[in-house]
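Asker: In case you want the letters, here they are:
Number of protein chains: 2
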Amino acid sequence: MRILYHHWLSPFARKVRLVLGEKRLDVTETLQADWDRSDQFLALNPAGEVPVLIEPNGLVLCDSQTICEYLEETYTEVPLLPRSVPERAETRRLVAWFDRKFQQEVTHPLVSEKLMKRMLGGDPPDSRWVRVGRTNIHTHLAYITWLTERRKWLAGGAMTLADITAAAHLSLIDYIGDVPWDDHPFAKDWYVRIKSRPCFRPLLKEVIPGVLPPKHYADLDF
Amino acid sequence: MRILYHHWLSPFARKVRLVLGEKRLDVTETLQADWDRSDQFLALNPAGEVPVLIEPNGLVLCDSQTICEYLEETYTEVPLLPRSVPERAETRRLVAWFDRKFQQEVTHPLVSEKLMKRMLGGDPPDSRWVRVGRTNIHTHLAYITWLTERRKWLAGGAMTLADITAAAHLSLIDYIGDVPWDDHPFAKDWYVRIKSRPCFRPLLKEVIPGVLPPKHYADLDF
Numbered sequence: 001m002r003i004l005y006h007h008w009l010s011p012f013a014r015k016v017r018l019v020l021g022e023k024r025l026d027v028t029e030t031l032q033a034d035w036d037r038s039d040q041f042l043a044l045n046p047a048g049e050v051p052v053l054i055e056p057n058g059l060v061l062c063d064s065q066t067i068c069e070y071l072e073e074t075y076t077e078v079p080l081l082p083r084s085v086p087e088r089a090e091t092r093r094l095v096a097w098f099d100r101k102f103q104q105e106v107t108h109p110l111v112s113e114k115l116m117k118r119m120l121g122g123d124p125p126d127s128r129w130v131r132v133g134r135t136n137i138h139t140h141l142a143y144i145t146w147l148t149e150r151r152k153w154l155a156g157g158a159m160t161l162a163d164i165t166a167a168a169h170l171s172l173i174d175y176i177g178d179v180p181w182d183d184h185p186f187a188k189d190w191y192v193r194i195k196s197r198p199c200f201r202p203l204l205k206e207v208i209p210g211v212l213p214p215k216h217y218a219d220l221d222f
Numbered sequence: 001m002r003i004l005y006h007h008w009l010s011p012f013a014r015k016v017r018l019v020l021g022e023k024r025l026d027v028t029e030t031l032q033a034d035w036d037r038s039d040q041f042l043a044l045n046p047a048g049e050v051p052v053l054i055e056p057n058g059l060v061l062c063d064s065q066t067i068c069e070y071l072e073e074t075y076t077e078v079p080l081l082p083r084s085v086p087e088r089a090e091t092r093r094l095v096a097w098f099d100r101k102f103q104q105e106v107t108h109p110l111v112s113e114k115l116m117k118r119m120l121g122g123d124p125p126d127s128r129w130v131r132v133g134r135t136n137i138h139t140h141l142a143y144i145t146w147l148t149e150r151r152k153w154l155a156g157g158a159m160t161l162a163d164i165t166a167a168a169h170l171s172l173i174d175y176i177g178d179v180p181w182d183d184h185p186f187a188k189d190w191y192v193r194i195k196s197r198p199c200f201r202p203l204l205k206e207v208i209p210g211v212l213p214p215k216h217y218a219d220l221d222f
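Chains as they are written, first to last, in UniProt numbering: chain A, 1 to 222; chain B, 1 to 222.
Isolated chain A (complex conformation) (with noise of 0.2 angstroms):
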């Protein structure tokens, strides 16, 4: 049995399960938050972060890109990156802007402001932080636009875990209703297509407890 320690408000988790959906592997989750650090899971972890992968071999694998590596290295049915070595530092690269610069300049802000807090009740999200992330969002659709209308898809011609792991930053913002996509149309266009993938209805389904998705969030044609 393979076994994804995971959490709802982690961008990194939900690359992992888009991924583990794509390549159509079947795997039993188990929610983890990261502020809640038991001896049982630094074990598995000593960064005692989400996500964490045990394979059906018991192999654990912790760190999202290390995981998405390592699935596309054993499981080479659907793959994920390209396979000229020039397309696949593409990806990689678009890749490490999403999970870190997105990361730190829109994700984190908002997610921690608004979306933890609301979770786990207490302090009003810090008006500074959001508008901080509100802001920075357009520079990356604008970047998002500038890619899709030269490139099928955010690194070439296929869909890879380049799309795969903006949507999973985009699609936490998209559940708090602050992705402007009236404002960015084009990357409006490329978000419906990859939010339409099968590998994307179990997130889609999800409620975040305490807090409901604005309407359009599971809406695939919105």
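Derived by calculation from the structure, the hints in this document are not laboratory data.
Keep in mind that the hints are not guaranteed to be accurate.
Straight-line distance between alpha carbons at most 27 angstroms, and here's what the computed DSS-like set of lysine-lysine pairs gives [unchecked claim]:
| no. | chain 1 | residue 1 | chain 2 | residue 2 |
| --- | --- | --- | --- | --- |
| 1 | B | Lys205 | B | Lys188 |
| 2 | A | Lys152 | A | Lys23 |
| 3 | B | Lys152 | B | Lys23 |
| 4 | A | Lys205 | A | Lys188 |
| 5 | B | Lys101 | A | Lys101 |
| 6 | A | Lys117 | B | Lys101 |
| 7 | B | Lys117 | A | Lys101 |
| 8 | A | Lys188 | A | Lys215 |
| 9 | B | Lys188 | B | Lys152 |
Covered stretches of chain B (in silico footprint by chain A; criterion: 3 or more residues with CB under 8 angstroms from a CB of chain A, positions within the stretch not fixed) [claimed, not checked]:
| no. | region |
| --- | --- |
| 10 | 56-65 |
| 11 | 70-83 |
| 12 | 88-94 |
So the derived list for chain B, only partly shown, Cβ under 8 angstroms to chain A, looks like this [unchecked claim]:
| no. | residue |
| --- | --- |
| 13 | Ala47 |
| 14 | Trp97 |
| 15 | Lys101 |
Since the structure is predicted, the reported quantities are computational estimates derived from the model, not experimental observations.
Cβ atoms here follow ideal geometry from the backbone N, Cα and C, with glycine treated the same way.
Since the structure of chain A is provided, determine the placement of chain B on it from the hints.
Answerer: Just chain B now, with coordinates in the frame of chain A:
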């Protein structure tokens, strides 16, 4: 001609320089400050960060891990990722550990407060951040000890990209004399081994303008 845009203060650029050295690939190095975002540099890397590598065929590569994976796939004579898929995953997990966790908890606080401020002049270091970095480094050196008590190198029997990544970060902290080597003799033994490799020589000879390293920095038998 191969060109690398790098900066002394970037652990990520150091990592790529060490990989190029280990793989014996000639390169012309060009200094580029992250904070000096010329249009010309942004055209190479819209993220505005070093390292950026331009290959002899003109291919532009950004993001240190993307560059390392590219070099690994292209120049296979000196491999820095193991052959076995689980060992590759362990190597990448540790690369991510140092590039993200060590970077956030140790490299960033110490380098931005001490090295960057000393180099650029201006405000004195914020002692709170310096204390954060100096406290956190003990956990990481203890982790290196734990690993090297069980394995010859960080990720297993052979030297890999995990060792190079960890050493790239530590070499920067060592430059400001903030690695408490005497408290962690096993970690020191491991660092002496990697520091003695020819790929390390250019880094050890380099002097950051305005900041002299401690005496032991370039000493292979410190």
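Asker: Is it true that the CA of Lys188 of chain A sits at most 27 angstroms from the CA of Lys215 of chain A?
Answerer: OK: Lys188 of chain A and Lys215 of chain A at ~16 angstroms, within 27 angstroms.
Asker: Taking only the CA atoms, is the gap from Lys101 of chain B to Lys101 of chain A under or equal to 27 angstroms?
Answerer: Given that 27 angstroms is the threshold and the Cα spacing comes to 16 angstroms, the pair holds.
Asker: Minimum Cβ distance from Ala47 of chain B to chain A below 8 angstroms?
Answerer: holds, 6 angstroms
Asker: Tell me whether the statement that chain A covers the region 88-94 of chain B is true, taking a Cβ distance below 8 angstroms and needing three residues at minimum.
Answerer: holds (count 4)
Asker: For the pair supplied as a hint, Lys205 of chain B and Lys188 of chain B, confirm whether the alpha-carbon distance does not exceed 27 angstroms.
Answerer: OK: Lys205 of chain B and Lys188 of chain B at ~20 angstroms, within 27 angstroms.
Asker: Lys152 of chain B and Lys23 of chain B were given as a pair; does the straight-line alpha-carbon distance stay at or below 27 angstroms?
Answerer: holds, 21 angstroms
Asker: Checking one constraint from the list: CA of Lys117 of chain B to CA of Lys101 of chain A, max 27 angstroms. Satisfied?
Answerer: It holds: about 24 angstroms lies between the C-alpha atoms, which stays within 27 angstroms.
Asker: Going by Cβ atoms only, is Trp97 of chain B closer than 8 angstroms to chain A?
Answerer: holds, 6 angstroms
Asker: Hinted pair, alpha-carbon criterion (27 angstroms max): Lys152 of chain A, Lys23 of chain A. Please report holds or violated.
Answerer: Cα-Cα ~21 angstroms, so holds.
Asker: For the pair we were handed, Lys117 of chain A and Lys101 of chain B, check the Cα-Cα distance against 27 angstroms.
Answerer: holds, 24 angstroms
Asker: How about the region 56-65 of chain B: do at least three of its residues have a C-beta closer than 8 angstroms to a C-beta of chain A?
Answerer: holds (count 5)
Asker: Verify this for me: three or more residues of the region 70-83 of chain B with a beta carbon less than 8 angstroms from a beta carbon of chain A.
Answerer: Coverage by chain A holds here, the residue count being 3 at a Cβ distance below 8 angstroms.
Violated hints for the displayed structure: none, as all numbered hints are satisfied.
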